[in-house]
Amino acid sequence: MSELKATPKAIAGPSNFLDERLGGANFLKRNLRKIFPDHWSFLLGEIALYSFVILLLTGTFLTLWFKPSMMEVAYDGSYAPLKGVMMSEAYASSLEISFDVRGGLLMRQMHHWAALLFVAGMTVHMLRVFFTGAYRKPREINWIIGVLLLTLALAEGLTGYSLPDDLLSGAGLRITEGVAISLPLVGTYITFFLFGGEYPGEDVISRFYSLHILLIPGILLALVTAHMVLMWVQKHTQMPGKGRTNQNVVGAPFYPAFMAKAGAYFLFTLGVISGLATFTQINPIWLFGPYTPADISAGSQPDWYMGFLEGSLRLMPPWEINLFGTANAGTLPLSVIIPALVPMGIIMTGLALYPFLERWVTGDNREHHIADRPRNNPHRTSIGIAAMTFYGVLWLLGANDEIAANFHVSLNHTTYAGRVLVFVGPALAYLITYRICLGLQRSDQAIVSHGVESGVIKRLPHGEFIEVHTPPSEDIEAHMRGKEPVPMLPVDEDSSGIPPKGMRGPLGKLRGRMSRAYGGEKIPLDDGHGHEHEDEHAAIGSGGSDDRSITH
Amino acid sequence: MTRITAWRRHPLARYAVLILALALVGMVYAAFVQAGKPADAALAAGKVDDVAEGRSLFEKHCMSCHGTNAQGTTTAPTLIGVGAAAVDFQMSTGRMPAAAPGPQAPRKPPAPWVNETTTRQIAAYVQSLGGGPQVPGAEQVDPKLGDAGKGGELFRANCIQCHNWVGAGGALTQGKYAPNLNEATPTQIYEAMVTGPQAMPVFNDTTITPEEKRSMIAYITQVREQRDPGGFALGRIGPVTEGLVAFVVGIAALALAAIWITAKKRQKS
Ligand code: HEM
Chain A
1 MSELKATPKA IAGPSNFLDE RLGGANFLKR NLRKIFPDHW SFLLGEIALY
51 SFVILLLTGT FLTLWFKPSM MEVAYDGSYA PLKGVMMSEA YASSLEISFD
101 VRGGLLMRQM HHWAALLFVA GMTVHMLRVF FTGAYRKPRE INWIIGVLLL
151 TLALAEGLTG YSLPDDLLSG AGLRITEGVA ISLPLVGTYI TFFLFGGEYP
201 GEDVISRFYS LHILLIPGIL LALVTAHMVL MWVQKHTQMP GKGRTNQNVV
251 GAPFYPAFMA KAGAYFLFTL GVISGLATFT QINPIWLFGP YTPADISAGS
301 QPDWYMGFLE GSLRLMPPWE INLFGTANAG TLPLSVIIPA LVPMGIIMTG
351 LALYPFLERW VTGDNREHHI ADRPRNNPHR TSIGIAAMTF YGVLWLLGAN
401 DEIAANFHVS LNHTTYAGRV LVFVGPALAY LITYRICLGL QRSDQAIVSH
451 GVESGVIKRL PHGEFIEVHT PPSEDIEAHM RGKEPVPMLP VDEDSSGIPP
501 KGMRGPLGKL RGRMSRAYGG EKIPLDDGHG HEHEDEHAAI GSGGSDDRSI
551 TH
Chain B
1001 MTRITAWRRH PLARYAVLIL ALALVGMVYA AFVQAGKPAD AALAAGKVDD
1051 VAEGRSLFEK HCMSCHGTNA QGTTTAPTLI GVGAAAVDFQ MSTGRMPAAA
1101 PGPQAPRKPP APWVNETTTR QIAAYVQSLG GGPQVPGAEQ VDPKLGDAGK
1151 GGELFRANCI QCHNWVGAGG ALTQGKYAPN LNEATPTQIY EAMVTGPQAM
1201 PVFNDTTITP EEKRSMIAYI TQVREQRDPG GFALGRIGPV TEGLVAFVVG
1251 IAALALAAIW ITAKKRQKS
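Sequence lines, in order, name chains A and B. Residue numbers are given in this note's numbering: position 401 of the first sequence equals residue 401, and the series is strictly consecutive. Residue numbers are given in this note's numbering: position 13 of the second sequence equals residue 1013, and the series is strictly consecutive.
Please keep in mind that the hints were generated in silico from the structure rather than gathered at the bench. Just to be clear, a hint being listed does not mean it is correct.
Stated by the list, open to error - Part of the chain B face toward chain A, derived, beta carbon under 7 angstroms:
1) 1019
2) 1022
3) 1165
4) 1171
5) 1182
6) 1186
7) 1219
8) 1230
9) 1237
10) 1238
Since the structure is predicted, the reported quantities are computational estimates derived from the model, not experimental observations. For each residue, glycine too, the CB sits at the ideal point set by N, CA and C.
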């Protein structure tokens, strides 16, 4: 698959046609034969890409009927239980799309499922990039673009979710307002600007509409394009393996092999989204009823990607500071500001800065085109899992009422547990992950230096039974040998006990200490005695119980 | 004889007889009142048997918790003034007689001896103790006579903060919860509103008129019976289950597809 002997007809036809007219044969030849590596996790980002395409298409369909207006009308569509109820035109037109436009409900549901998968796809893609270290030089800029895309996607989801002006999304809007107004000094101005006056006002839906269908998708599209171009130019990273080096890319050419795969994958994404939209109801706004600020429902949650913010709000103790001891002078509602800004800040800033922090700690300025296996950089992997745990606890707590109601535990207990877990969980996750990574490195070491268990049991002359080990297959061994030590700064003190330059001040000392902890080889692959043969191994027999305990 | 006749003809005799008769009536009345004070009301309603039966059932099944005269104990509240509606609600939903103590008496299948008659009898007894809301008539709770649109608005304004937008239920503090409203009959919905069981507030007839209650019943029953137009409804609890499905079905399926697409053909070895 990876070698193309003659230009296939499929490629010669169109490229000749285009070449004769545009004279771009070289350009095309170069680009159509771009090589893409083959690893399933490299397709995760494409979930987001194709969901985005589906969002653009279904969203455009929705704009044909949706009326972004908060004018009150009496409903007289075909959904009986809301007959005669006063509601905004936005809500009425969303009901119309759902019940009176042919295919409208399917489109609404596709749009919403695609939105969930868009952000979910981005998230898993980002985790893949993080854990394999694919954000390292020269790809830091693309990583930053990714973080921006994720942030914008949250904003895009929030604005879109609010458009139908139903009771559930209204609850989210109310929280948005609460967060905006809680900001010191500027809060009131920001809310009045956003809502065009006192909440909820009459403007917010039309404003969100412009943001949702014009501004944010425009920026998203530009950033997605930049992301793809950069990826194209810089090429994919690849997993370590046979014949793969920092200078090449092993895989299938873009055209036709990778294009066929990508096309198939688009169809898969379309299939999953339309399948979900056909069989699974999402955002049944007719059940929620129209929004009025006076009503609020049990079980109000945002879409999943906002769940961690909901959770942090629910966890937060009711702290507030009255300036000068009186509420007249102004109140700082820590119970809103902290949960709304701190976790989001930690996660997004942490993501954006990680490549640079890591480089600062490791002093690693080289280019990297071979991905790390997560186990081979145990501290990074542990930090990632700890962050996921932090996020996960907040996320789970965003649904603590459903957990309490469905599993019959006290709501109060879930909150108390969450307050502890949000700190203890990440620490535990860190320690456990670190141990697991080292364990996996040890098992790699055992495989590389002792071979794979063959299942053959041999009896030695003196009566002991041992299992015969065979050398690992070439592929596997190459994959494992792709490991290199995590780079480390030159931290060793010279003969007179003076640390190297740049490691002297308090910050430098910290940097040196972090570098020593983060970098270095924890478990060398060849633990001193190289590649042993089966016979030698057998001969070591009883004496070698020490190193055998690793695999047995 | 003549003396008696003479007495009878005495001008005061008429008054004496009257007084005697009055005294007699008074004594009988007093005796009656002693026997069962409020029974006259029930007597007037022709339910004297129900009250007596109800009392004995009460003594058998409820007294241990609610006290000899339903005046309440440390384990259970007084039932004086809760009304027949409260008893009917509690017994027909199986909540009473309560089983194990817990944060909240759950809905459960009623005990074998609980049926319409025994419920009516205990209800009559409790009603006789101090009045309270009555069991509503069939017409009062007929969903067909209600206006679902109006009812929906009232439902959203008064109930969903605990029961969720479709009555899927929700958690309250300290292990308490608002149950889902999928099983409650129209009568029980009405009774729940007028009696306010446990953590639920009372919605009496001045807060929400009987007609409005009927409209709310219309909304609740219509929505819960409706087929979900969008497909499988995921418990109708909204984004939590939707998000779960996005990952467990959506992302998982697409990850499997990715693995499948990129899988190399196994080399024959
Ligand atoms: C790029 C990422 C996008 C995301 C994450 C997103 C997300 C959402 C969400 C969650 C909703 C609520 C859907 C519902 O009613 O259940 C929504 C509604 C809507 N979106 Fe988007 N959307 C995106 C792009 C677009 C685009 C490009 C357009 C138009 C060109 C669009 C047009 C609309 C309209 C008109 C509605 C309201 C219609 C209705 O709910 O009935 N969206 N969007």
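Which earlier hints can't be squared with this structure?
-> Numbers 1, 2, 5, 6, in rising order.
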